[in-house]
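Chains G and A, in that order, are what the protein sequence lines are. Quick note, in our numbering, the first sequence goes up one by one and the last residue is 788. Quick note, in our numbering, the second sequence goes up one by one and the last residue is 266.
Simulated from the structure, these hints should not be mistaken for lab results. The model shown is predicted, which means the values in this text are computed figures rather than measured ones. Check each hint, because a few of them may be wrong.
[To be verified] As a list, the in silico DSS-like pairs of lysine-lysine whose alpha-carbon atoms are at most 27 Å apart:
| no. | chain 1 | residue 1 | chain 2 | residue 2 |
| --- | --- | --- | --- | --- |
| 1 | G | K727 | G | K742 |
| 2 | G | K756 | A | K237 |
| 3 | A | K237 | G | K692 |
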Amino acid sequence: MTNPALNEIDQIVKNNDIVLFMKGNAQFPQCGFSSAVIQVLDYMGAPYKDVNVLETDEMRQGIKEYSDWPTIPQLYVKGEFVGGCDIVREMFQSGELKSLFEEKGLLDAA
Amino acid sequence: MPMKAEDIKALILESIPDAQIEITDLAGDGDHYSAKVISKSFEGMNRVKQHQAVYAALKGRMGGELHALALQTETPNS
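For reference, chain G alone in the conformation it holds in the complex (with noise of 0.2 Å):
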């Protein structure tokens, strides 16, 4: 049986430079990993979309399937998978992500 939201997620995650699939939103994080990785999303500067897969149980799941990843938050960069919490702050610290966003072209804007 297919999860319906994997196809949902699958053109969020093609059709968004930036996207953290999160439990709450930007501006209210209901979980303390999804607050960390939107505090260093906000810190660098780049637009991004958020999506709060705790409102369906579908989305929830298909998440956690999409990836073959077992946890959320998860962050994507212009279709690929970067990682979860973990990752993101690690490559923060490190400077990768920076390195990742200029690569891509997603700081410009800012």
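The hints should help you fit chain A onto chain G, whose structure is shown.
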């Protein structure tokens, strides 16, 4: 249900036998851990793949039984 640090370590070692593992119980509640896993088998894998290897070793417990495991993966010479 919380998990013991030794159980987490044993599961990881079962799949990644050469792993050097340091586990810290962050809150003392058996539910919020951080783990540093170093293995030669991570060579040539990006971070996502390295973390997926550890999650696979935990056989579905991550995100369920094991609520929070902050993960850091490395290769021996990095």
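Going down the list of hints, with the structure as the test:
Of the pairs offered as hints, the one joining K727 (chain G) and K742 (chain G) holds, with about 18 Å between alpha carbons and a cut-off of 27 Å not exceeded. Under the criterion of a C-alpha separation no larger than 27 Å, the hint pairing K756 (chain G) with K237 (chain A) is consistent with the structure, at around 18 Å. This hinted pair checks out: K237 (chain A) and K692 (chain G) have alpha carbons roughly 21 Å apart, not beyond 27 Å.
Figure legend: structure checked against the earlier numbered hints; every hint is met.
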